[in-house]
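*Asks:* Single-letter residue listing:
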Amino acid sequence: MRYRLHTGSVAWIIHRFSGIALTLYIFLHLYVLSNLKDPQKFESIMKALDSPLIKLSELGLLFLVAAHSFNGFRLTLLDIGTPTRLHKPLFWLAAVICALILAAGSWPFVGGLH
Amino acid sequence: MKQIIEWFFQRITGAVLLFGLILHFYTMHYSGADQISYEMVSARLSNPYWIIFNIIFLVSVIYHGFNGLLGIMLEYVHSHRIQKICEGTLILVGIFLTGVGIYILTV
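Chains as they are written, first to last, in the working numbering: chain A, 708 to 821; chain B, 48 to 154.
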């Protein structure tokens, strides 16, 4: 058996894996924030996280969030009965929005602000 | 009925998360440098509006994430008993994480 890749199945794969990854990220995020109890440790962790590799993975995180958000929005539209002929255009619309957000997001991430 | 309510809450929390994340990213990455310093973070956490926002955001993300995981698990696990164990475990972990999050919010 071979899996057929088309916009719907690609969206399904991305949605599933980004969903699992983002849920696991909650643990990591809360762990980092739990260091707020100790200001000095928090500052040292924030300094350690200020590295190119972390910035790049934050961009990856933004991709997961953007893809999951706009595909989720698309899924809700499908659930409420959007005509089948719009399913593919909606996928590409979500993909374009996702790409624009990644482009906008890469500026403060990689560019400088934070 | 339970499944309809779960579906509905998954959409509601999804919408909350989309708007919440826009605000979250804007605050963290577009409102000038050093928004993640200890001072700035603890200043936000002493603001009641941010506390309310953070609690809603926290509860939404944990519900959405763990309900999503449950949905995935139920597709692969067919034994009713193991499905119940999965559900119970995810609820416990979700409640634990919510507790951790609220504990963090009370800096």
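Please keep in mind that the hints were generated in silico from the structure rather than gathered at the bench. In this text, a Cβ means the ideal position worked out from N, Cα and C, and glycines have one as well. Among these hints, one or two may not hold up.
What the hints assert, rightly or not - Derived list of chain B stretches under chain A, where covered just means 3 residues or more per stretch with a C-beta under 8 Å from a C-beta of chain A:
| id | segment |
| --- | --- |
| 1 | 60–73 |
| 2 | 81–90 |
| 3 | 95–101 |
| 4 | 121–127 |
| 5 | 133–139 |
*Asks:* Hint by hint, which ones does this structure get wrong, listed from lowest number up?
*Replies:* 3, 4, 5
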